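Visitor: Here's the letter readout for the chains.
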Amino acid sequence: MPRYGPALLALLSLVGTGVVAAASNESSYRSAFAAGVSCYEQQDYLCAQRNFATAAWAAQSAQQRGPALFNLGNAHFFSAEFKQAEILFREAGLNGVDAELVEINRSFASSLADSFEQELEDLRKSGFKAQWRSQASPMPDELTERLASGLYLSRQLDTNPAVGALSALQLSNRQLEQLLRASAERIEARLAGRESPYQQRWIERQSSEEPGSTAQLLNRLLPLEIGLPNRTNPTPLEREGQRPW
Amino acid sequence: MVALYRLSVALMMLCSLIAKAAELSVVSENSEPELGKALNAKIIYQGAGAVAQANLQRWQGDFFIDRRRLETEQLADGAVRTTETLRLFPRRSGSLTLYSLALGGAISEPVEVSVMPALRNGIDGTPEWQKLPQQVWQGETFTNCVHMAMFDARNNMKLETPDFRSFRVVALEEQRESSATVETTQQCWKLTALEAGPQQLELPPVIQRGRGQWTFYLPLQSVEVLPLPSYLPPGVAIGKPDLVVEQDGDYWRVRLYLTDTLAAEAYGLRASLASVSGIATDQVDVQVSSEANTGRTYQLFSAPLPTWLWGVGEPQRFALRYFDTEAGMLRSLEVDLPKLWRAPVWFMALLAFLLLLIALPIGLKARKSMRDWREQQRFRRAVKQASTAEQLRQTLLKQGSWKTLHHWAERSGLKNADRIATDLNTLCFSQKPLSPKQTHLLEQVKAALLG
Chain A
1 MPRYGPALLA LLSLVGTGVV AAASNESSYR SAFAAGVSCY EQQDYLCAQR
51 NFATAAWAAQ SAQQRGPALF NLGNAHFFSA EFKQAEILFR EAGLNGVDAE
101 LVEINRSFAS SLADSFEQEL EDLRKSGFKA QWRSQASPMP DELTERLASG
151 LYLSRQLDTN PAVGALSALQ LSNRQLEQLL RASAERIEAR LAGRESPYQQ
201 RWIERQSSEE PGSTAQLLNR LLPLEIGLPN RTNPTPLERE GQRPW
Chain B
1 MVALYRLSVA LMMLCSLIAK AAELSVVSEN SEPELGKALN AKIIYQGAGA
51 VAQANLQRWQ GDFFIDRRRL ETEQLADGAV RTTETLRLFP RRSGSLTLYS
101 LALGGAISEP VEVSVMPALR NGIDGTPEWQ KLPQQVWQGE TFTNCVHMAM
151 FDARNNMKLE TPDFRSFRVV ALEEQRESSA TVETTQQCWK LTALEAGPQQ
201 LELPPVIQRG RGQWTFYLPL QSVEVLPLPS YLPPGVAIGK PDLVVEQDGD
251 YWRVRLYLTD TLAAEAYGLR ASLASVSGIA TDQVDVQVSS EANTGRTYQL
301 FSAPLPTWLW GVGEPQRFAL RYFDTEAGML RSLEVDLPKL WRAPVWFMAL
351 LAFLLLLIAL PIGLKARKSM RDWREQQRFR RAVKQASTAE QLRQTLLKQG
401 SWKTLHHWAE RSGLKNADRI ATDLNTLCFS QKPLSPKQTH LLEQVKAALL
451 G
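Residue numbers (this note's numbering), protein chains in the order written: chain A, 1 to 245; chain B, 1 to 451.
Please keep in mind that the hints were generated in silico from the structure rather than gathered at the bench.
Just so you know, these numbers come straight off a predicted model, no measurement behind them.
Among the hints, a few may not be true.
Claimed, not checked - Keeping only pairs whose Cα atoms sit at most 25 Å apart, straight-line, the calculated DSS-like set for lysine-lysine is: (1) 384(B) with 437(B); (2) 240(B) with 83(A); (3) 158(B) with 37(B); (4) 129(A) with 42(B); (5) 398(B) with 368(B); (6) 432(B) with 446(B).
To be verified - Covered, in the sense of this in silico footprint (three residues per stretch, anywhere, with C-beta under 8 Å from a C-beta of chain B), are these stretches of chain A: (7) 47-53; (8) 56-69; (9) 84-96; (10) 125-133.
Claimed, not checked - Label-pair distances were calculated between CB atoms; the ranges are: (11) 24(A) with 158(B): 56 to 64 Å; (12) 109(B) with 185(A): 23 to 31 Å; (13) 192(A) with 74(B): 46 to 54 Å; (14) 103(A) with 198(B): 23 to 31 Å; (15) 61(A) with 291(B): 33 to 41 Å; (16) 281(B) with 61(A): 19 to 27 Å.
Here a beta-carbon is modelled for each residue, glycine too, at the ideal position from N, C-alpha and C.
Sequences and hints are given; from them, build the entire structure.
Guide: Here it is, written out as structure tokens:
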């Protein structure tokens, strides 16, 4: 028996290594998942991301990996990383998480990711338009001279608040012309006793709350969308203000 | 109210005066340029003062813009004229528009341009840039090509390796194909996405030169690079790898071919191999290299074989996790190690000795049995061949070196040995030719001996 001792020991160590490795992975998965849940409950989403990511990697089966991915997606969602969340939700679905749950969260994350991209695109366009307007609209120096000498309106331009507001808008000549023409038509219509086509719009002038960051807004939106209890801010949103009419 | 109305009318008049104050125009040298050739154009601004360059962003989708020079001159009436000279390279053929520009309070009119395709001798030399995939994963590698028909067999294509900001580009060998009517040149690259997000790619100019020169700027292409799931550690193989395991002397050699071009050690394989071999991870040797002609990454993992391998039962298995870009999920590639039997030298020597101890008596026994069997065969053959009683008698006596047949009968072990000996003696010593009856008796004796 002692002669075969080293061989048996080597065999046992190989088998033992495999068993210990499997047990170690299982333990790592469970502890990371539990830590992730704990962080998630405390709304520490960075901590939740770290732990759910560890759990997802340590998972030994699709049944284990699916929930970890789903929760990791939620943690990314609350950090306003919508594209990442969408990808994780989809992979969670491929790992056996309930398709309906996955689809609700995935489509929500997808729509927000698209909205953000659209917003960025709109900002780019707005930037271009603003540059266009600034190039098209600046009033040449001769305007003041013509106003002063030819039409003698400089004093009225200085004092009239309507003209001041117009110049603050930095409108192009063409836009200014259209605006003035519309204004003249409206005044003519009013003088003639006809009804004005202009419809007043309500503009919010005051608000009790700061707009807040995107993530804060989404933290309030998501529970409403997917029916989770509202943990982040139980008080309803209040708005103050007066309609001007 | 009436005062405000008058003010509005006055301002309207002013606006028309202002519009005349500054002028901006775009002048194109040619309204029907050819694709691959430059279109010379000028942006002329005339106003009270000098202006900077116009924003040509809206033109960039349809034209590559080469801004040449900006000149300013004072006119006799005190106005300033600013002229910018441009070379515009259309990106496609067909009807294109030089959209209106805004500069220094003036707006130019749009200019229509009809771009003719690049045709010579019925050959369309417009380069074709292969469409990029709509979405790729970060770290995913794909092949993309551009090919162009040559107007003349002596022409060639000049194209620099693109420098895409968020892609790693590995240029493959240029290929040229000839047919009866046209020669085409194809240039391919392996592109590996590095940064996530929407990306817009623009190729450097594709130049055909030789007999004439054409410079093609192709339309930009967009691709969305999806971020990898955040739980994946860096170095995880992206795309399904090829994995080959073989034994080479005292080592496992694991050859791994990755589709990407990043030349980073595949995550997890070293640990998996070390676990299977029962060694520490730093004992696994890794060599990483890239194949220039295919753009693939080749990795060779070498791990010493374990001291003990039994070569029976379930094969040892190790796994490499990779991100499946087609399914969009993590998968595992499992490979069985070849079954091998391996033990230390002392164990081999001991085993050989034990085997020798067992095999020696068995061999001796087998040798004896074989010899007996051969003797028996020889005896049977002699019995069969014996034609006379004397020959048969001599055969029996020689079998055991017996002096008489009675001695043979006592030791032979046959049931009717005595009877055979008596009959044979009778036949041998009858002193007469054998009668038919005796011949029959001889056959009976032979049959009894052969059993």
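Visitor: Hints numbered earlier in the text: which of these fail when held up against the supplied structure?
Guide: Per hint list: zero violations.
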